[in-house]
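Engineer: With the hints as your guide, set chain Z onto chain B.
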Amino acid sequence: MIGREEHDLHRRRRGRNYALLAVLAGFVALLFTVTIAKLGANVIKPEMEWEVTE
Amino acid sequence: MTHATDIEARGGDAEFKDYFELLKPRVMSLVIFTALVGLLVAPVGVHPVIAFASILCIAVGAGASGALNMWWDADIDVKMARTRNRPVPSGRVTADEALAVGLGLSILSVAMLGLFANWLSAGILAFTIFFYAVIYSMWLKRSTPQNIVIGGAAGAFPPMLGWAVATGGVSVEAVLMFAVIFLWTPPHFWALALYRNGDYERAEVPMMTVVAGPVATRRQVFWYSLALAAVAIAPAFTSIGGLVYLVVAGALSAEFVRLAWIVGFRAETAAEADGHKVEKRLFNFSILYLFLIFLALAVEAGLRAADLSVGLVGGLV
Numbered sequence: 081m082i083g084r085e086e087h088d089l090h091r092r093r094r095g096r097n098y099a100l101l102a103v104l105a106g107f108v109a110l111l112f113t114v115t116i117a118k119l120g121a122n123v124i125k126p127e128m129e130w131e132v133t134e
Numbered sequence: 660m661t662h663a664t665d666i667e668a669r670g671g672d673a674e675f676k677d678y679f680e681l682l683k684p685r686v687m688s689l690v691i692f693t694a695l696v697g698l699l700v701a702p703v704g705v706h707p708v709i710a711f712a713s714i715l716c717i718a719v720g721a722g723a724s725g726a727l728n729m730w731w732d733a734d735i736d737v738k739m740a741r742t743r744n745r746p747v748p749s750g751r752v753t754a755d756e757a758l759a760v761g762l763g764l765s766i767l768s769v770a771m772l773g774l775f776a777n778w779l780s781a782g783i784l785a786f787t788i789f790f791y792a793v794i795y796s797m798w799l800k801r802s803t804p805q806n807i808v809i810g811g812a813a814g815a816f817p818p819m820l821g822w823a824v825a826t827g828g829v830s831v832e833a834v835l836m837f838a839v840i841f842l843w844t845p846p847h848f849w850a851l852a853l854y855r856n857g858d859y860e861r862a863e864v865p866m867m868t869v870v871a872g873p874v875a876t877r878r879q880v881f882w883y884s885l886a887l888a889a890v891a892i893a894p895a896f897t898s899i900g901g902l903v904y905l906v907v908a909g910a911l912s913a914e915f916v917r918l919a920w921i922v923g924f925r926a927e928t929a930a931e932a933d934g935h936k937v938e939k940r941l942f943n944f945s946i947l948y949l950f951l952i953f954l955a956l957a958v959e960a961g962l963r964a965a966d967l968s969v970g971l972v973g974g975l976v
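Quick note, the sequences are listed as chains B and Z, same order. Take this note's numbering: the last position of the first sequence gets the number 134, and nothing is skipped along the way. Take this note's numbering: the last position of the second sequence gets the number 976, and nothing is skipped along the way.
With the rest of the complex left out, here is chain Z:
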């Protein structure tokens, strides 16, 4: 045995990008964006350096929970086409390493956020990591079809975190931003699950589509979309909204509900006939929807800074 093969036998000699992949960079980008918007729309200004450092901590904390998720879920990730090439199921990184990276970065990100910003935001970040890694990954994901409904809360915390970094508190605006992502998650994931059903069935993950069937899931997609539309329009009438946001959120929500209506009430045979075309459209549109909703909030913040916002609560805000 040569020296090289000796090293190989011990395993765990992954490249840096494999460890970086443990942090789910694509999910992290959404976390960074929504946390940044939460911070920007807050009525209190933050020093740019503190803002940058805090957003970095939130991103690393979200990444850490992703690593913990990959450590715990390696056995089911290997069964699904979408997740088979993740670092742990593909064997590039060992499960122990994923656990170490996840725990280490969790502690570091929470402690640093507390020191950089305030301990309320650090507490929310710690709770978010705990919620995603323990409540969602270890408990709900494999035990209830409501898994992603409740698990979606973990993804909904970042704008609230950004707001807490700036203000040191939580208010109705922060709760509404949380509620938008929370109610957006079920129709977003179930639209995907409707045409990726086989994956979850193989992995024995009790997704709504597997347990309750596609018809019940379709109805739920529609009802959640209605609730989402109502909640997404509500921020227009708070201190972070305005006329521009109302128009954008109204138009986007109308399109979301229209697609969800088609998905929600059409027969499975019709969906199979056109290769789940509308379901795919709803899934893709949902990503654009969330991005534009938060972008509109950021635009409102910019307009307010330039005294151009047309507020809907007591005239010019």
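Okay, chain B solo, but in the shape it has when bound:
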């Protein structure tokens, strides 16, 4: 059963992996939010733009 024993290293590695997962998920969420924010001004309500220009 070599490799199955629970060791401090496994705990540390697991913690590191979960933290990295959180960072990556946060990065994805950030990209999504920024994309919406950047698109928002130009896309969300195009009819309002029409009203202004007409």
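For the record, the hints were derived by calculation from the structure and aren't laboratory data. Take these hints with a grain of salt, some might be off.
With beta-carbon atoms standing in for the labels, derived distance ranges [stated by the list, open to error]: (1) Z:P702 / B:G120: 20 to 26 Å; (2) B:R92 / Z:P684: 15 to 21 Å; (3) B:R92 / Z:P707: 32 to 38 Å; (4) Z:K939 / B:D88: 36 to 42 Å; (5) B:A102 / Z:G909: 44 to 50 Å; (6) B:N97 / Z:F896: 50 to 56 Å.
Beta carbons: idealized from backbone N, C-alpha and C, even for Gly.
Structural biologist: Just chain Z now, kept in the frame of chain B:
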């Protein structure tokens, strides 16, 4: 050999917080604060999401330069009490890992800032990382007693970065905020070096206190403080300042110069007699000083938004 010890032998199995520590979180907090103020005081509004994402990029970029610094300086960090427990000298993270984290985050933060905000701010961030990691860490730190004077520029860029994120340019206000941190760095660090001299001597870092001696360093602390006071008051007369800022910056600068005067002209024996009490006070006060100066600028921005600011350039600004 068990499986576990086999892993241990390969090294580099640090915890997440060890990698986070590579980014010098305490320095990062100052970077976040000054960059945020630079962004808030700018005359152009920024979407809160874009502002948050940009400040994050600036913070990560500053952290990346910290990791590169730790990769390069591990050999001297191990000799100094203040830095001995950093992740690389203490053996928790390998130097190669620090290099990888530093390079990876540098590229990521610059590219993302360019996409989130604009490419001028991304360019300044790239230059800041290069300046801190290459010009300061690799070149100046070990070769000249002017190391922290010129290296201080790296720490002075964040408010200019915040301003560039908002406006897409650089103006006199941004340059003044840069100059405040730039001139603040030498008296701040030399006040510390005056009572931590042994550390730098052991590490053979040519700090001013080691090369020119404490007396010359004391004089320089005073002269830089005078220059700092003048530059710190100047923003009061620009579009980001006002009466409130003038009063706050004036009072803080007067206290800074007063302490620097004592530090600058007292004998080394007197300093040793009271355990470098005034030097420690100046060092601690300098941190509070910078924080309050930038806080006052943020307060002025808030007052302007509420139409309550008493501007000193052409009445109400």
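Engineer: None of the hints should be skipped; say for each whether it holds.
Structural biologist: A quick look at each hint next to the structure:
1. Z:P702 / B:G120: 20 to 26 Å: holds (22 Å)
2. B:R92 / Z:P684: 15 to 21 Å: Because 19 Å falls inside the window, the suggested range holds.
3. B:R92 / Z:P707: 32 to 38 Å: With a Cβ separation near 36 Å, R92 (chain B) and P707 (chain Z) satisfy 32 to 38 Å, so the hint holds.
4. Z:K939 / B:D88: 36 to 42 Å: holds (39 Å)
5. B:A102 / Z:G909: 44 to 50 Å: With a Cβ separation near 46 Å, A102 (chain B) and G909 (chain Z) satisfy 44 to 50 Å, so the hint holds.
6. B:N97 / Z:F896: 50 to 56 Å: Given range 50 to 56 Å: holds, Cβ gap about 54 Å.
In summary, this structure violates none of the numbered hints.
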